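**Student:** Construct the complete structure from the given sequences, taking the supplied hints into account.
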Amino acid sequence: MTQSREISLSVPVLARVEGEGALDLEVHGGHIETLRLRIFEPPRLFEKFLEGREYQEVPDMVARICGICPVAYQMSAVQAIEGIFGLAPDPWVRAMRRVFYCGEWIQSHSLHIHLLAAPDFLGYGSVAEMARAHPDTVRRGLALQALGNEIIRLFGGRSVHPVGARVGGFHRAPSRAEVAALQEQVGAALPGAEALVAWTASLNLPNDAQDFVSVALRHPDEYPMNEGRIVSSGGLDIPISDYEAHFVEHQEPHSTALYASLEGRPYLVGPLARLNLNLDRLHTPVREALGRTGIAFPSRNMFHSIVARAAEIHHALLEVTRLLEDYSAPEAPFAPATPRSGTGHGCTEAPRGLLWHRYDLDAAGQVRHARIVPPTSQNQARIEADLRRSLETLGLERDDEALRQQAEMVIRNYDPCISCATHFLTVRVGRR
Amino acid sequence: MAEPGFLPRPRFRHLLAALTAAGYRCLGPKVRDGAIVYEELDSADDLPRGVHDHQQPGAYRLQRDDSPRCFAWANGPQALKPLLFAPREILWTSAAGSDGAIAFHPQMPEALPTAVIGVRACDLAALRLQDQHFLEGPFPDPHYGVRRGNLFLVAVHCTHPAATCFCASTGDGPRAESGFDLALAELDEGFIVTAGSPKGEVLFGQLLLEALDPAQQATADGEIAAAAQAQQRTLPSRNLRDSLFANLHHPRWDDVAQRCLSCANCSSVCPTCFCHAEMEEPALDGSHSAHYRQWDSCFTEGHSYIHGIVIRADTRLRYRQWLTHKLGSWHDQYGRSGCVGCGRCIAWCPVGIDITEEAAAVCGGDHA
Amino acid sequence: MAAAKARLAVHKFSSCDGCQLAFLNLGEDLLRLAELVEIVHFAEAGPVDPEAPVDIAFVEGSISTPEDEERIRQIRKNSRWLITIGACATAGGLQALRNLADGPGWIAEIYAQPGYIHSLATSTPIAAHVPVDLELWGCPVNGRQVLGAVRALLFGVVPALEQDKVCLECKRHQAVCVLVAKGLPCMGPVTLAGCGALCPRFGRDCYACYGPAENPNAAALGRRLEGLGLVPEAVARRFLFINNGAPDFAEAGRHWQEQAHDPEP
Amino acid sequence: MLDPYLPDEVEVLERIQESPTIFTLRLAFTDPEIQARYRFQPGQFNMVYLYGVGEVPISIVSDPEDEHLIDHTIRAVGRVTQGLALLGKGARLGLRGPYGRGWPLQLAEGRDIVLLTGGLGCAPVVSVIHYILRRRERFGRLTILQGVKHTDDLIWRAQYEAWSRLPDVQVGLAADVGGPGWFGQVGPVTVLFDRVHIDPGALMMMCGPEPMMRAAVQELRRRGVAEEDLWLSMERSMHCAIGHCGHCQMGGNFVCRNGPVFPYPEIQALLGERGF
Ligand SMILES: Cc1cc2nc3c(=O)[nH]c(=O)nc-3n(C[C@H](O)[C@H](O)[C@H](O)COP(=O)(O)OP(=O)(O)OC[C@H]3O[C@@H](n4cnc5c(N)ncnc54)[C@H](O)[C@@H]3O)c2cc1C
Ligand code: SF4
Ligand code: SF4
Ligand code: SF4
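For the protein sequence lines, the chains are A, B, C and D, in the order given. Going left to right, the first sequence walks through residues 44 to 475 as this note's numbering numbers them. Going left to right, the second sequence walks through residues 2 to 369 as this note's numbering numbers them. Going left to right, the third sequence walks through residues 9 to 273 as this note's numbering numbers them. Going left to right, the fourth sequence walks through residues 4 to 279 as this note's numbering numbers them.
If you're looking for bench data, these hints aren't it; they were derived computationally from the structure. Since we're looking at a predicted model, the values are computed, not measured. Don't take each hint at face value.
[Said to hold, decoys possible] Subject to a maximum C-alpha distance of 16 Å in a straight line, what follows is the list of computed EDC-like cross-link-like pairs (lysine to aspartate or glutamate):
1) Lys92(D) / Asp286(B)
2) Lys13(C) / Asp286(B)
3) Lys190(C) / Asp34(B)
**Tutor:** Below you can see the structure in the form of structure tokens.
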């Protein structure tokens, strides 16, 4: 009588996700009664720490929200602050910020694909196990991750909490020789990145079409990253300053993350959402590589996120190559800033999706208020909705282990970054 | 040695060309990150033409004007030291065999013939001291030795001392008297070139120099003499050894310890300081290991650490070690003071502690 | 007789995950490490067994909930070597700023229903709760130091720690001093080396993310920063940043905050 | 140029546990030619390299005429020495040396000798004891004085007893803090000067904590021993052992090169001066 078995499953620590979270599942009479993605990253209260700090300190502080995507936090913050100061980054700064950001996408996506997600689809517990059977694939992944880190280091000295970014530009411009050396590495990595697209598509990905709203930035001529308007698959198209009029954050008792919703409904941000909304902005070789996978994008299969990540790695490498062509270091790597008071918005595409900031500064450039909406809290409601569906489809009669595996795989596929959520996750299933 | 000759300014590039043809990579002064540093020169255009420095305790700033001169500045943050005594280098590596046997492999630096243009008298004096330390004892240092053997030195007599300079007081400048291969005196219209070694003589011969007008020599001599005159700082004496050791409990040591950050900037920029630490960096899998050395300083805790005891735990003892060694026990070790009057430790001390002032305060009236 | 592999765990508390990345960014060395030791718990990398006894436990993050306090005590019991990695675990992290302010009040301002949030008013370092065998500073720690510690322990010796100040490291890299040449309020003279003097090499002032060095003269540096034109509040902020919970910095920060409110005549 | 920093490989022939924390490693170079060439004076030291961990200075305690082995008696106190303590027979190490100035044994021939050591077993002095006992006829009376903090700190208790039974040898032991069954004196090591006969013409060799050596020097000077007959072995931080790294400086002396054994007048000025 499995149908009427009462289930109470708890996965106390989710493996291979960034930060720590838990999942509670209560099944009663064959129906999910409760499903909670519990994020128990203790609140770190960054928005409050920022108050009273000087604008120059902001990039170094917000980087500390997330060790995996510090560049994204820095880029959203400087955009908002420069907006207040009426400082438009010059073409060199703008281009190099994109290169810097590409480094983070490459690093973060490779890490997720190889260290976190792929072991799921191949049936290993960790990358170390996977490496024994697939040494070349793992090596290729680690090399891409390393290259991403290298790009960040070129502009920031280190890949976690890089020190190079500042309001107005960068503290230091890399030399031509350093850039040439990097270009060589990027060129050498391109074939591997292209092959990675095909490889992710060849994985035994669950076939799981579902209905969801994608939200991402959109830029007139570029694949979105460090600027654009916010658009959705439902026809939304707003400037970033209007975000708060359409997106609402609310609190749930079980989580320290705030849940965001668009017009009252869950939505998706991140690589698949970006790709679905910006296919026409991809570099041609990436579009072709995607075409060869036989997968039709825009895709409604959430598990195609991993393919989207691979495509974005490929795209980012081509973008770096393009941006660093004919590189020369400028006179000064930054424009000086003159503080003034005002409210500014910053919104960029972190590896995990839309990262929205708002700052109110006083005349001396000190922060009066800050608001930060990270991608993971935007995806949280969507993850729970997906989980509910996905576990029901799998069959709630399955044993706890199978449910846990399925749940983890679903969650992991979103690449939630629980530190980002400024909060976290464990699975707990209760069957009654 | 040949009589000095004259190299008109436009022909300065011939000097670079001759050095390059002789197989040297040419290092010279360049502006980088707001300071004059020795780096590889691609052409004479890299030189800091019209650049002047302002140095004060704890402060260094550059300024440009339209002077044609390229050497119208006093020394920058580093002398020749890093070129010879590398800030960090692997001395040897070892590898473990599967049977536990250890194989040792020496690691010699690449022998790169290097010419340095713009070397100052104080730096030559410091080099002489470092040569004594690293090469003239019972165990010559081959790492230093390889680099030293490949060095070609083009000195420039100093005409623009900084407010922090006191080489006249230590007797080490501003004129470069010896220890160079070639020496230059810069005038607006060009350079007076003197050879100082057989190597220098050969190069001198290739420069197609013009005859020197005695008036030019007089101008140059006058500028150098004025440079000595212009110096504001002095040490109380060239030998403060006894005076310092007689004052080991002077209250001034406590006073300076309140101000000193114990940050080791002074000893790092000092062209004679030689202290270094040896460290080990094994590979993660333990298959091999690198034994390297890096600059250390009497201002660090590690400098005086012996199994559980730090001989100089506080700043008072560390600053006292620095001063008593530099101006005192150096006499026992190398027959002279370890200070060549370059003033770097004054300018590059973040809090502007002035060695001449501290020495005067500690030694009070009781020096010769 | 093959000796059993050493068992290793990586635990996380309140943090940004950046220090764990010191492992995940190791590349091939990560695979090598997995061969050398048995990684029994490292949730982000896969293995989950938080209660297993281990030889080496790396701990990231600060303690900020009652559950954290209990968990770290358990980890201590299960671990031979407990090594903190990073500013959060070693000094409470940037989030220790709440210790200086009104933690619960802040929670109320951010969360509509603060009652849902179970959190201590403070963010404290691991050593405030259990004995720690080795502290690796840095925000983030660098992989070289973490691996160096593992390697030393595998050799059966105590890991060597970096002790110099950022200034010395800066000079070894031949960076031009940004305090002297640009008048920037650099924290290098009181900060522990280990980052490779990144900030000055990038032309900017060190912000002390590696925490206080041995024998730091925070008072003298504070006076110098004031001399460079910083108002007392700004001097205080230099100390009360990434490692605001480190006693030497906390004290200097408090001093300058007092100066700001009650300047001496 | 020969590389003076490069060690050669040695093998542990034997390991002897002397006390819970003190052990002796009996070493020989794996290259017999190097072993055959190797010569040293008692009081000199080697740099001992533990693979992948680091080098430390350690005195040589074996007999200089034994061409086949080199003994080091080591106390496990820190990273390297605790690592060395884990090694057994057959293990490999790196070694370079010998370095420094040893004891003035030529000067000592035909004279009474007083050896004074403090703290836990002082290896440099033990080497001299062995040296003299093997060439007994060349030296006068031998006085061995050892001071320890606690009676439990005394190692080689049996050795001291055995030495005290030899003709023309006197042994004096003192502990700052006495304990049950303690057969020596209680008090600082200087109390021993009243218990044994010290000829003012004797040569003194001492090794131990500096305050102890300073007190002993003062006492012996009072008893008429000449300054230049007082010899002290000093310990400082050493990384290179060849006078380059600067760590061992004590005023103008590089302890590694000018010492580690000094006649008192050479270090008199700074002995006991905190910070040098
Ligand atoms: C002349 C002389 C003779 C001596 N004779 C004896 C004797 O006979 N018996 C005896 O027991 N003791 C003797 N000692 C004392 C002995 O040398 C010390 O006890 C010993 O050095 C203590 O070493 P340690 O194990 O604490 O290692 P540590 O001092 O902790 O480590 C030393 C080594 O570690 C490496 N290292 C240090 N820091 C780092 C870092 N940050 N990164 C990487 N590597 C690093 C360096 O290579 C360094 O040399 C003698 C000392 C002297 C000066
Ligand atoms: S002891 Fe101090 S002053 Fe002397 S060489 Fe070393 S660092 Fe310089
Ligand atoms: S004197 Fe100045 S440079 Fe030298 S250690 Fe002290 S503060 Fe640093
Ligand atoms: S220089 Fe200072 S702030 Fe910058 S990375 Fe290093 S320790 Fe951190």
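**Student:** All hints, please: hold or fail.
**Tutor:** Results of checking the hints against the structure:
no., hint, result
1, Lys92(D) / Asp286(B), "violated (23 Å)"
2, Lys13(C) / Asp286(B), "holds (13 Å)"
3, Lys190(C) / Asp34(B), "holds (9 Å)"
The earlier numbered hint that this structure contradicts is number 1, and it is the only one.
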